[in-house]
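Undergrad: The chain contents come next:
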Amino acid sequence: MDAVNEAWNTRFWGHTFYDWDEIVLPDGLSEEGEGNVSAFQGISLDYRRFMSDSLLECYNIEVEAIREHSKDVPITTNLMGLFPLLNYFYWAKHMDIVSWDNYPSLTTPVSETAMTHDLMRGLKHGAPFMLMEQTPSQQNWQAYNSLKRPGVMRLWSYQAVARGADTVMFFQMRRSKGACEKFHGAVIEHSGHENTRVFREVAQLGEELGRLGDTLLDAVTEAKVGIVYDWQNRWAMELSSGPTVELNYVREVHKFYDALFKQGIEADMISAQADFSKYDIVIAPVMYMVKPGFAEKSEAFTAAGGTFITTFFSGIVNETDLVTLGGYPGELRNLLGIWAEEIDALPLGQYNEIVMKQPYGKLTGSYKCEMLFDLIHAEGAEVLAEYGSDFYKGMPALTVNRFGEGKAYYVATSTDSDFMEGFLGAVCAEKGVQPLVPELPAGVEVARRVKEGRSFLFVLNHNAESATVRTGDVKRRDLLSGVTVDGAAEVPGRGVLILEEAE
Amino acid sequence: MDAVNEAWNTRFWGHTFYDWDEIVLPDGLSEEGEGNVSAFQGISLDYRRFMSDSLLECYNIEVEAIREHSKDVPITTNLMGLFPLLNYFYWAKHMDIVSWDNYPSLTTPVSETAMTHDLMRGLKHGAPFMLMEQTPSQQNWQAYNSLKRPGVMRLWSYQAVARGADTVMFFQMRRSKGACEKFHGAVIEHSGHENTRVFREVAQLGEELGRLGDTLLDAVTEAKVGIVYDWQNRWAMELSSGPTVELNYVREVHKFYDALFKQGIEADMISAQADFSKYDIVIAPVMYMVKPGFAEKSEAFTAAGGTFITTFFSGIVNETDLVTLGGYPGELRNLLGIWAEEIDALPLGQYNEIVMKQPYGKLTGSYKCEMLFDLIHAEGAEVLAEYGSDFYKGMPALTVNRFGEGKAYYVATSTDSDFMEGFLGAVCAEKGVQPLVPELPAGVEVARRVKEGRSFLFVLNHNAESATVRTGDVKRRDLLSGVTVDGAAEVPGRGVLILEEAE
Amino acid sequence: MDAVNEAWNTRFWGHTFYDWDEIVLPDGLSEEGEGNVSAFQGISLDYRRFMSDSLLECYNIEVEAIREHSKDVPITTNLMGLFPLLNYFYWAKHMDIVSWDNYPSLTTPVSETAMTHDLMRGLKHGAPFMLMEQTPSQQNWQAYNSLKRPGVMRLWSYQAVARGADTVMFFQMRRSKGACEKFHGAVIEHSGHENTRVFREVAQLGEELGRLGDTLLDAVTEAKVGIVYDWQNRWAMELSSGPTVELNYVREVHKFYDALFKQGIEADMISAQADFSKYDIVIAPVMYMVKPGFAEKSEAFTAAGGTFITTFFSGIVNETDLVTLGGYPGELRNLLGIWAEEIDALPLGQYNEIVMKQPYGKLTGSYKCEMLFDLIHAEGAEVLAEYGSDFYKGMPALTVNRFGEGKAYYVATSTDSDFMEGFLGAVCAEKGVQPLVPELPAGVEVARRVKEGRSFLFVLNHNAESATVRTGDVKRRDLLSGVTVDGAAEVPGRGVLILEEAE
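Residue numbers (the working numbering), protein chains in the order written: chain S, -1 to 501; chain C, -1 to 501; chain Y, -1 to 501.
The reader is advised that the hints may include incorrect statements.
As the list makes no split between identical chains, a pair holds if one copy fits it or if it spans any two.
[Said to hold, decoys possible] Think about it this way: if two alpha-carbon atoms lie no more than 16 Å apart in a straight line, the pair counts; the simulated EDC-like pairs of lysine to aspartate or glutamate are:
{"id": "1", "residue 1": "LYS175", "residue 2": "GLU317"}
{"id": "2", "residue 1": "LYS175", "residue 2": "GLU4"}
{"id": "3", "residue 1": "LYS289", "residue 2": "GLU220"}
{"id": "4", "residue 1": "LYS366", "residue 2": "ASP94"}
{"id": "5", "residue 1": "LYS360", "residue 2": "GLU380"}
{"id": "6", "residue 1": "LYS449", "residue 2": "GLU499"}
{"id": "7", "residue 1": "LYS449", "residue 2": "ASP164"}
{"id": "8", "residue 1": "LYS295", "residue 2": "ASP70"}
{"id": "9", "residue 1": "LYS366", "residue 2": "GLU192"}
What the hints contain is simulated information worked out from the structure, not anything from laboratory work. If you're wondering where the values come from, they're calculated on a predicted model, not measured in any experiment.
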C-alpha cells in the first residue's frame, strides 16, 4: 500500500489509499474526463498498462486454444500500426510473426505510412512482417473515401514490401452486401465479376508478385539509425496536464523520421528496451519518461562512440510518472551536459527562432521553432545554436555534449522541417551514415532489403508525374521490368523499381 | 429468425441471432454512436421504422379518444416539415388534414421553405393544408433570433397560402411570462396591448384574409413535375458508413427543387409510392434505396413517355439496406442504360468538371461538380457530358437513355446550381413544361393555385427592393389591391400579388 | 405548491406540480442539457441558488469546527474570481476576510484581472482582501502554459495590491513531484534550489514588500463610480433561451469597466443589494433580472442627484425569471423614460450604427454596435443618439431621462469600445468624477489606495517598453525607489510606481 501511494504520489489532492478496496477504476466517475485527460495520472497510466496486458492475456488464451490442435502453425493477430492503447512491443513477444492493417487516407503523408511499416518491422527486431489488410481501392469509414488512383494500390503494396512485408494481402475478397462495411472496397466489387479496374490492378500485382517468387522473402533492412518509439511514454505525456495541449508524440517522432526519409537514409523504429549497440545514431524524440536502465544504456552507447539525440521535454519523469528532481532533463542531464531551468509554452502560431552560431552541415542562419522552448544552461555541452528572440534570446537552442567517444545532441524546441533535414543530414554525414542514393527528388521514396549477400533497392515514385532518380555508380537490374539501370533511372508516375545490384 | 438474419446481413461482424431475446435496441450501449452513426445499419433502420410507427400508434390512440366524443371534427397534429424521424407520408394517411409549424430563420433560403410547404401539400396528394404555427416576428430557440423585418410575416404567410395552405395561424396569441419560450414572439407581446408593429401587421393580414374570404379555399396546384422525397431513403443513407460524410439528402433534393423554383416551374413533392402517371417529369434525387415496385413503376412511367431523372448513389440497396448485387445502379440500371463501376469521394473543396459534349438547352461548356463522382459506363445510354479532369476524365457525367416512349437521365455527380438550372430548364422545355411566367427576377417567387376553372397566380417579392415581373400576355386582376396587371407588374419590396386571370 | 407553480410558471409545457414529490432535480435526465441550457428556467435558477447556499452551508460547518478550537483566528476560503456557480456576495457575509486565487493567462486582458480584483474587494464593501494564490511563473491547466515574462509576476502582484490586496501569496512553495499539478509553477522548482529566475524574482518581491512594511495595509479605494455585478442575474440570463446565444454577461460588464480603466477612473464592483448613495454614478449593465427593491433604490438614488446607467435587455424579469408585463424595461421603465417595443438580434458579424444627434463630450458622428438592438420609444427621455440603418434607423439608441435631481441613461445596444470610452468619459466629466491622472498611455494602469489621510497612487506599466505618465501638479514620492516625481514619470517596461503625495 505504501509503495502504491508513493508511486502514484497520492498525497497530492488527498488521494492517499488506506485499503486496497478504496482503489477504483480511473474513469469518468472517478478521475478521467474526455479523451486522455486524467486528474490522477499515476493510476491512469498503470490502468493503461493493465488494459494492454489484459487484452494480451486474452490473445494468449486464444493462442493456447489453437496450440492444442496445431503445434507449429504460426500465430498472429492483425495489429493497427500506431494504435495508441496497446503496447505492441510487449505483444510482439507473444506473436510468431507480426501482421498489420494499413489504411492510409488520400492525405496521409507517405512517410508516415513508411514509418508505421518500419515500426511494425521493429516490433520483432527487424523480422519481416505480414501486410495483413489493405483495401484494393476504397475505404468506408474515413470522412471522404476517395478511390486509390490507378497505380496507387500497387505502389503502396510495394512500399510495404520495401519496408519489410513478406505478404501483400487484402481486406476483402468480395464486398459485403450489407451491414457496416458494405462500402469497403474489395477485390471483387458488388458488380460480382472481374471486369473492373480494381480487379485488374490486383490481378496484375498478383502476377508480378508471383514472378518475384521468394526472391525477397526473409530479406532484411540494415539501418544504422534507430528511432525510439515508446507506447508508455506516449500514454504518460498525453495523460499529463501541461505544459501545452499541442504536444503530439507521434508528430514529433515523425518529424525526425520524415527528415531522414526525404534524404533516403534508412532508420529502424525501436523500443526503449532495444539494444542500441548495432546503431551509429539513436534518436529518442521527446523522451519524457525515462524508465530504469534507459539512461545508463544511452550513456554506455554514447561513451562507446555512438551519437545520441534527444529533445525538449525529455528526462522528466520515471516509469510511474514521478518527476526526477534536481533539474531537467533528469537522468539524461549527465549525458547531455545541460540543465533546463524552465520550459516555455507558446500558443499555436507564435514562433521563436533557432539561430546557428556557425554553419553546421547545411544548417546556417536561422529557422522557425514553436510550441515548447526549453530554457537551458550548458553544463559542459557546446552550444551550436541559440534562440533568436524573446527574453531567452541568446540561450542555447541546440547543444552537443562530447561524452566518452561519442556525442549527445539536445534539440531544445520543436523545429521546422528545414532545420530537421539539415540537422540530421549533418549528424549522419558526421557519422558516415550514407543515404541510399546520392540525391532524392521530392515525393520519391527509397528503401533497401538485403538477403544472403544480395541487395535490393526499392525506388517508389509517389508523384503522379515521372521522376529521374540518380542511383549512383553501381549498375543495377530492375526485378520487375528486367531493365538495367546505370547511374540514373526515369521512374514513371506512381512507378516502382526493385533494383538488384548487378554482379 | 433466418429471415431477420438475412435481412440484416447479420453474418457480418458476427451478429447472427439464434434467439429473439438476443435482439437488443440499437443504441449507445449496443451499436449506435453519436448522431445517426450505426455500426449495424439493418437493425437501426428497422428501429427508425418502428419508432415512427409507434408514435403514429400513439397519435391514433388520441384520435380514438376524440372520436368517442366527436364523429366528424377533422383531426390533425402539427407536423414539423423536414423533421427526420417521422415518416410523414405514413402519418398523413391517418390525419384528416395536414397541418404544420413553419419556423424558418432569417437565413433559410426561401426556396427551402417553399419546398417544405410543397412537401406538406404532397403528404395528402396535393390536398390543401393548415399553416398551424408560425411566429409573428421573433423566435427564441434559434442562435440569433432576428425580428421578421416589416412585411416579412405577411410575405411568408402568403407564401404558405400560395403553396397550398388554407389557414394562416400563429404561435402564439400572447407571450408567456415565464419558462422556456418566454422570448418567443406573439401576436400580443409582453407589453400586453395592441399598439405594436407586430400586432398591426397581424391585424392588417387578418383584415386582408377576411376580404379574400373563401376565394382560395380548396384551390389546388397542378404541377407536371414530381420530385420524390423519401424518409426511409434518408434514414438508410445517413445510417450508412461511407462513401462520404458530406452527403446530405435534403440538400441534394433541394438543389433540384431550387433550380425549378428559380425558373418559376411548379413541382410537387411526392412519395416513392406515389402515382407517377400524372406527371410529365419525375425526379428522384439520390435514390439510394429502391423499394419493391419502384423500379418497375419508374420503367412503366418512362416507357409510356415520361421523363425520369435520377442521380449518383441511386439504386444501391433494397428496403432492408442490402446492396443490389451485379452492378450499380442496381434495379435502375436497365432503365438508365448505364453501369456505375466505382464511386469516388473527394474532400470538401475539391472539384471536378462536367463538360458538355454539345450544347443542351442553355447548357454549354463546363460546370463544377463535387463530393461524389460515379464512374459510369454507358450501356445503351447517350452521353451528354463527361468529366473534365482526374483519371476518369472523359467518362460520362450526364447520360440519357431512350426507354420506350420516354427518356431516363442520370446525373453522375453533385452539380452546381448553374448546371442544375440549365439542365432542368432544358428537360422541361423538351417536355413542354412551361414556367408560370416568361422570366423571373432573382428573389421573386411565383406559384399558382386553381379552383373551379379559376386560376390564381401568386407573385411574392422576397427582395427588400421592388421588382418588375413580366406576367405574360394574359390580363390579370390583383385580388389584394384590385389593380389590373397587363403584361408586367411592379411588385414592391416584400410585396405580394394574387393575380386572377381576367375573363 | 401554488406559489411554486406560480413562481416557475409551470403551466407552460404542462409542468404543473401537484405534489412535492413530483419535483425532480433539473439535470440531463429532466430538463437541462449541455452547458447552461435548461428547458425549465425557473427550477434551474432556484437550483443554482440552492447549490450555492448548500456549499456555503458546508463552509459554515467547517467554520464551526474551527471555532471550537479558536475564537479569533480569521477564517476564509479561496474564492475564484468570476467563477459562475457560487454567489460570492452571499458567501462573503460569512467570511472574516475575502481571499482569492488569481490565474490569468498570457492573453487575459489586464483590465479583466483588475475588474476581478475590484469585484473581490467589493464582496465585503471595499475591505482589503488576500491574494491567496498565484503562480510564480507557469500554470499547468491552461491550453498553453506560457512562462510569466521577467517582471510580470512582480507587476501582477502589485496590481493586486493596488486594487486592495493586503497579502501577496503563491501556490506553491515547492513543485509537486507527481500527479495532476506537477507542471504547476512553484517558488522552488523541480530543480530543488534557489538559483532560478523564478526564485530570484519572488525573493526580490519579498524584499520589497518587507521594506513597504504595513504602510499600505488597510488602505482603501474611494471610487465614485459603482458597477453592479450580480451572480443571479448571470444565471438567469444564461439559462434563458433567446434572444441570442452571443450574450455574455461578463463581457458586457467588462466593456463598461474597461472604458473607465483606460481613462484612469476608479470604480467599485458592487452587488445589486449595495448602498448606492455613496456613489455619483451607478452602472448596471444588462440588468436582465430586477429583484425586489432594486428599481425603487435606483429611482431614489437618481432622484437625489445620482447618475444611473443601464443597457439593452434590462428590467426584463423578476427574481423568479417571470417577465414584468406591460413593456420593457419593466420596473426600470419609469426611471428611464422609455419603452422598448422589440429586441432585435443579429448574427455575429452584422452591425448597425449609433449616430450621435449632436456631440456629447468627445462622442460625435457614428459608432458600430452589434448583437442586440432594443427598438425603443422615448417616453420623456431625451434622445442623444439613434440607429443609423435597418428598418429601425432613426429610432433611439442612447437616451437620457431627467429624474428628480439626477439622470438615467439607457444604452440600447452593444457598443464598441470607442463609443463606450467617449460615453463614460462624458458622463464622468458631467458629474465631476475625475480620472486619477490627466492622461493615460495605452497599457498603463493606475489605481489609488488611501489611508489615514495618506494617498498612494499606483502606476503599473503593462507594456514591455517604458512609458511616460503625466501625474499632474502634485509632487509625489515613489515608495519603491524613493525618487520624487514632479508632473510626469518615466515608468520602465513592466515597471511599478507607488507614489505618495509629498506633504
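Undergrad: Does each hint fit the structure? Answer for all of them.
TA: How the hints compare with the structure:
1. LYS175 with GLU317: between (48 Å within a copy, 13 Å between copies)
2. LYS175 with GLU4: Between. Shortest inter-copy distance 10 Å satisfies the 16 Å Cα cut-off; intra-copy 56 Å does not.
3. LYS289 with GLU220: Answer is neither; intra-copy 27 Å and inter-copy 59 Å both fail.
4. LYS366 with ASP94: neither (45 Å within a copy, 52 Å between copies)
5. LYS360 with GLU380: neither (18 Å within a copy, 60 Å between copies)
6. LYS449 with GLU499: Within one copy only: 12 Å inside a chain, 89 Å across chains, cut-off 16 Å.
7. LYS449 with ASP164: Within one copy only: 13 Å inside, 77 Å across.
8. LYS295 with ASP70: Classified as neither: same-chain Cα gap 36 Å, cross-chain 60 Å, threshold 16 Å.
9. LYS366 with GLU192: For LYS366 and GLU192, the Cα distance exceeds 16 Å both inside one copy (52 Å) and across copies (32 Å).
When the structure is compared with the earlier hints, violations turn up for hints 3, 4, 5, 8, 9 and for no others.
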